[in-house]
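Here are the chains, one letter per residue:
2 protein chains.
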Amino acid sequence: MDLSNKENLVKIVTEIVKRAINEHKDRLVPIGISNRHIHLSKKDLETLFGKRYTLTKIKDLVQPGQFAAKETVKIIGPKGNFEKVRILGPVRDTTQVEVSLADGFKIGIKVPIRESGKIENTPGIILEGPKGKVTKNNGVIAALRHIHIPPEIAKAYGLQDKQMVDVETEGIRKTVFGNVLVRVSDRYSLEMHIDMDEANSSDIKNGDKVRILKNKE
Amino acid sequence: MDLSNKENLVKIVTEIVKRAINEHKDRLVPIGISNRHIHLSKKDLETLFGKRYTLTKIKDLVQPGQFAAKETVKIIGPKGNFEKVRILGPVRDTTQVEVSLADGFKIGIKVPIRESGKIENTPGIILEGPKGKVTKNNGVIAALRHIHIPPEIAKAYGLQDKQMVDVETEGIRKTVFGNVLVRVSDRYSLEMHIDMDEANSSDIKNGDKVRILKNKE
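Same order as they appear, the protein sequences are chains A and B.
Per the UniProt record's numbering, the very first residue in the first sequence carries number 1; after that it's consecutive.
Per the UniProt record's numbering, the very first residue in the second sequence carries number 1; after that it's consecutive.
Treat the hints as calculated values from the structure; they're not laboratory data.
Take these hints with a grain of salt, some might be off.
Note that identical chains are pooled: a pair holds if it fits in a single copy or bridges any two copies.
Stated by the list, open to error - Quick list of in silico lysine-lysine cross-link-like pairs, DSS-like style, CA-CA up to 30 angstroms:
no., residue 1, residue 2
1, K162, K42
2, K106, K74
3, K57, K106
4, K79, K174
5, K43, K79
6, K25, K57
7, K70, K18
8, K209, K6
9, K174, K131
10, K43, K131
11, K18, K74
12, K11, K133
13, K110, K133
14, K51, K18
15, K133, K209
16, K155, K174
17, K18, K79
18, K70, K84
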């Protein structure tokens with residue numbers, strides 16, 4: 001296509017704008033699939049890796065400031081364990097282990113489905129690092145599926161923080177996920193987080209776009 | 001409650017009939033969760049277990065005539081294997097290995113989602129039994145989710161053989177499964193089959209009842 005031709009240029013710009021408008025109308029959201037991982041408190045990090053230890057970033061995540069660390073830990077349940085569970089940084093106030101329900105069955109933990117951070121009355125687990133072990137009395141959850149959304153897109157999509165929505169996928173295993181939590185913050189990039197069970201169940205991949213359905217009234 | 005009292009008896013019967021009617025109106029179906037398993041041809045069974053070997057039933061399945069066998073096989077993919085994969089009997093015309101997408105990732109096989117029996121152009125795998133090995137050139141699938149339904153219930157539910165329906169689950173991970181295949185036969189008992197990924201994704205258990213939604217027109 002000849003870009004020096006004014007008519008063609010108008011066509012291209014119109015097409016791009018149309019697509020952007022449709023993306024808003026359809027309320028599309030790209031998928032980020034979470035494998036099992038762990039967030040550590042500073043105290044637990046130091047027990048597992050040594051005094052004044054700091055995490056080494058190997059990859060930025062989509063959510064600003066969040067990263068996958070070089071470091072991993074072993075997590076030990078009553079009936080099994082997982083070696084090399086990835087630590088996501090930066091450190092948090094509270095240690096939290098996020099696994100799938102399938103993971104839970106393998107290591108003998110009945111995992112509750114919880115919003116991140118809501119770890120009261122959740123099962124515990126043993127963590128093992130190169131310099132020590134930590135026995136946690138709680139903190140093991142399967143993450144409640146959720147959408148991270150910055151305020152300007154939330155406004156365009158007509159969504160509020162803490163709202164629950166239905167989200168539709170396409171393809172041979174097309175699925176409507178109910179009870180998807182909307183989380184609005186200017187620290188977020190637009191992304192829906194699901195776990196491996198949910199990704200496989202709907203046969204979707206990282207970056208696939210899903211659609212937020214109209215609210216039932 | 002005093003059953004000799006006629007009035008009470010009428011109440012109880014009415015309640016039972018009401019429930020049965022509602023079950024039809026709501027088009028409820030009990031869930032059967034399939035873990036990875038294998039159906040063997042007679043020829044492959046004999047290669048793996050020896051000439052004239054026959055399977056030993058340890059448990060009847062919900063579908064009439066189908067059973068879990070005592071025997072298991074090892075299945076070997078390019079990147080891993082699973083020991084002790086349960087054989088479901090009786091023997092079939094064609095060997096078929098049913099795994100989840102998660103299983104496929106673990107053993108290095110990109111598993112297509114297929115209706116049972118439709119194994120043309122599907123990946124192969126190696127099977128190992130106590131008496132021999134078989135290299136299959138195809139037959140590995142993730143089962144397309146489906147409902148087994150006898151003709152009289154299909155009629156009551158207004159469903160046809162080979163129809164695709166949407167099915168809704170309840171709970172914290174409530175889900176609408178799209179593209180659920182309806183299979184009608186007088187050899188079937190009412191049951192919806194899903195795999196471990198789908199069960200975990202929707203947090204449902206064996207025997208939980210799900211609802212077939214109204215057809216979109």
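Cross-check of the supplied hints:
1. K162 <-> K42: within (28 angstroms within a copy, 56 angstroms between copies)
2. K106 <-> K74: both (14 angstroms within a copy, 19 angstroms between copies)
3. K57 <-> K106: both (29 angstroms within a copy, 26 angstroms between copies)
4. K79 <-> K174: For K79 and K174, only the inter-copy Cα distance (28 angstroms) is at most 30 angstroms; the intra-copy one is 34 angstroms.
5. K43 <-> K79: within (27 angstroms within a copy, 38 angstroms between copies)
6. K25 <-> K57: neither (37 angstroms within a copy, 56 angstroms between copies)
7. K70 <-> K18: neither (41 angstroms within a copy, 60 angstroms between copies)
8. K209 <-> K6: neither (32 angstroms within a copy, 61 angstroms between copies)
9. K174 <-> K131: Intra 46 angstroms, inter 42 angstroms, cutoff 30 angstroms: neither.
10. K43 <-> K131: within (13 angstroms within a copy, 55 angstroms between copies)
11. K18 <-> K74: neither (49 angstroms within a copy, 53 angstroms between copies)
12. K11 <-> K133: neither (62 angstroms within a copy, 61 angstroms between copies)
13. K110 <-> K133: For K110 and K133, the Cα distance is within 30 angstroms only inside one copy (22 angstroms; across copies 37 angstroms).
14. K51 <-> K18: Answer is neither: 54 angstroms inside a copy and 67 angstroms across each miss the 30 angstroms cutoff.
15. K133 <-> K209: neither (40 angstroms within a copy, 43 angstroms between copies)
16. K155 <-> K174: both (27 angstroms within a copy, 26 angstroms between copies)
17. K18 <-> K79: neither (54 angstroms within a copy, 45 angstroms between copies)
18. K70 <-> K84: The answer is within: 10 angstroms in one copy meets 30 angstroms, while 35 angstroms across copies does not.
The structure does not agree with the numbered hints 6, 7, 8, 9, 11, 12, 14, 15, 17 stated previously, though it agrees with the rest.
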